[in-house]
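Line order of the protein sequences matches chains A and B. For what it's worth, the working numbering labels the leading residue of the first sequence as 1, then goes sequentially. For what it's worth, the working numbering labels the leading residue of the second sequence as 323, then goes sequentially.
I should point out that these hints are in silico values taken from the structure, not numbers from a laboratory. Quantities reported herein were computed from a predicted structural model and do not represent experimental measurements. Some clues are possibly wrong.
Partial pick of chain A residues on the chain B-facing surface, computed with a CB cut under 8 Å [said to hold, decoys possible]: (1) Ala-36; (2) Arg-65; (3) Asn-129; (4) Ala-205; (5) His-210; (6) Lys-225; (7) Arg-282.
Virtual Cβ for every residue (Gly too), placed ideally from N, Cα, C.
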Amino acid sequence: MLKLSRLLMLGVLVLAGPLFAQQFPVKPVRLIVPFAPGGPNDILGRLVAQKLTEQWGQQVLVENRGGAGGTIGLEAALRAPKDGYTLAMGGTSNLTVAPSLYEKLGYNTLKDVTPIINVAVVPYALALNPTVPAKTARDLLGIAGRKAGYLSYGSSGVGSMSSLAAELFKSLSKTQIVHVPYKGTAPALTDVVSGQIDLMFADLALVKPHAERGRLRAIGVTGLKRSPSAKELPTIAESGLPGYDIEPWFGVVTAEGVPSAVVSRINAAIAAALKSPDVLQRLAALGYEPLGSTPEQFAATIRADLAKYAAVVKVAGIKAEL
Amino acid sequence: MVETLNSLMHGFAVAFQPEVMMYAFFGCIIGTLVGMMPGLGPLAGISLLLPATFGLNPIIAIVLLAGVYYGAMYGGSTTSILMRIPGEAASVMTCVDGYAMTQQGRAGPALAIAAIGSFVAGTLGVLGLMLLAPTLASFALRFGPPEYTALLLVGLFVLAYMSGGSMLKTLAMAVFGLLLGMIGIDVMSGYTRFSFGITELGDGVGIVPVAVGLFGISEILMTAGQSDPPKVQRPTLRQLVPTASDLRQSAAPIMRGSLLGFMIGIIPGSAHVISSFVSYGLERRLSKHPERFGNGAIEGVAGPESANNAAATGAFVPMLALGIPTGPVTAVMLAAIMVHGILPGPMLIEQQPELFWGFVASMYVGNVVLLILNLPMVGVFVSLLRIPYAYLYPCILAFCILGCYSVSNSTMDVWIMLVMGVVGYALRKFGFDLAPVALGLVLGPMLELSLRQALAMSGGDYGIFLDRPIALTMLGFAVLLLLFAVKPLIFKGKDWRSKVGLDEPADS
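Chain A extracted, bound-state conformation (with noise of 0.2 Å):
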């Protein structure tokens, strides 16, 4: 009897499995933000939020849960029940760099994780305090070869994305630059407008206004490509260091069993939101070039980006618990 019931249940669930997608939501949606408010991960989830009620006429409530470099947070929407009703924001920090850096991760991005739709690429800058003597990528690699320890740069915390970006610069060119953490960027920015650091890898939005004024130089933009809201700067790879190329982005997930219909439905929606022009002009003010991928695109480059940043960490010798 109860196998029986079992049995139908399951055939109603294969029926109605597209009918549902077609359906969904039908109930409030819940978009974890595994940081606290103010940051591009909540600045990007927000505008996701928004559009998502307005297209499917049911609340997108966007849920701010921080702590251990966002890690917290998404392993809370993983462990939601499999219904694409719990999304989560996902960033390179949370999927791609923390497998590597922890021990022991409450999650596997490749078997816990579901990628939806990668949403934008926040571009990151290097940025020197103007007294550094140097006006491109290759003359801070003669300064920094020269004297070893002589420069010093500064991050948002060990094994987050500016101090990455900033490991990746040295080995790739084999030199020795002083890390000092901050528990942040704006601290750790701060020190660099002021000279007590020397540089630092962090958001181009906020290095720009500086930059504007003469209070920091930037130098380059981290990513393979220019980015269309500074293209006067040169991309680090094409100003000194072949091969270079950091390129944060942020993206929607979800826990993994969620039925597939339900992962394309929600895909069109964030995809079509994409292309709203109110959205792509809040994102153009600030610099976050919009991406809009399909969620086997997206999960190539999560898969690509997890093989790099395991690399960057162990040459680094980053090790951290959790």
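Put chain B on the given structure of chain A with help from the hints.
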């Protein structure tokens, strides 16, 4: 000067627009309510409200958040004074003498002085911000990790003056606070310390749950342990108003607190929390009757409350002049305008004069609104004490748990608060003073980080502290403080400390 005045007039034109006024007013009210919620302080208040401002225009958003920020600071002192529950680290000192005044039936004057002190400090702070912002901001930038280390050392030595009674007990509590501060990820290496495999502990033990537990929950437990319930207070109108001597005694501490707070506030980082501790230590040192501190000295409310508010305004100096978020609060504020595509930076004042001057003007308005809102409300707030304890305390406990949880949706914070409540209860039974725990917990992680950053910068050479004039001056001052503190131990002279009675547990 004329130009500044013109700009300010322009700013007032913005601030007096009905819509802006309305939001400033709303912000102040919401802030006051949030601040009165145990465990929710200014930072939590504006973080929770930030998303709600994304749909507003940037000027209104920042005016609203500033209102919430100020309001929460006012509201936080209310719970500190009435119920011994600090909403944030900076109001820990207000708990000590403010609550002692409440127990003596003088909650009214304590609340009124806190409001007046905050108003004076806030107004002076805005004046300083307006006239001196660019000059001060470039001075503030000279504070790097070495200077910060020296400043925090000064803060640590102030501990010696902070509590009465046994120096040994004070130091023991300070060390306990410093040890609590060791929990969590070591920022320099990325390794986790003392977290016992609990992921949430990786980010360290927050000061708010600890302070609410140590001060608030322990008080609830203490009261529950008394054989007779405390008498319900029914103050008369006369008792609600500060006397002339209250005002006279508070005037100087308010002015000193404002100046001190503003100077500490402009320094980038989270050092502003130490302003209220330093002010308390200073007032106690300067007082002719230091033994009154801890037993309801009105100076112990006036000084720290003013310092706290002036520091809050001071923190806006580098934020507005240079577009640099110097602490968590200013970072949230800048995020609020960034969402609208305004990138904060050194050109903020020139490119967004309406935003800058409207904001400055709204701070004047906000301070006046809060004074008007808070002074007549003193009577209402004090009436809370009329509620019999059997009903009041369970409610407070529920609100403590709610407030603690809602800051970062973490049950870990609630557990920390409850455990600290029991620890605080035990420590108070043994006659330990709790304020040093809070200061130790606040200072410990900051001191460690800046010390190690400074040493990383210099390649391990301690000379970096002597090469820099500001750091050297402050270290000299710290050594001086230390010498004053150990002098009685060496010369066995009569110390002010001998006049100070132990902070006795309430029921003995």
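Going through the hints against the structure:
no. : hint    : verdict
1   : Ala-36  : 6 Å, holds
2   : Arg-65  : 5 Å, holds
3   : Asn-129 : 11 Å, violated
4   : Ala-205 : 6 Å, holds
5   : His-210 : 5 Å, holds
6   : Lys-225 : 21 Å, violated
7   : Arg-282 : 7 Å, holds
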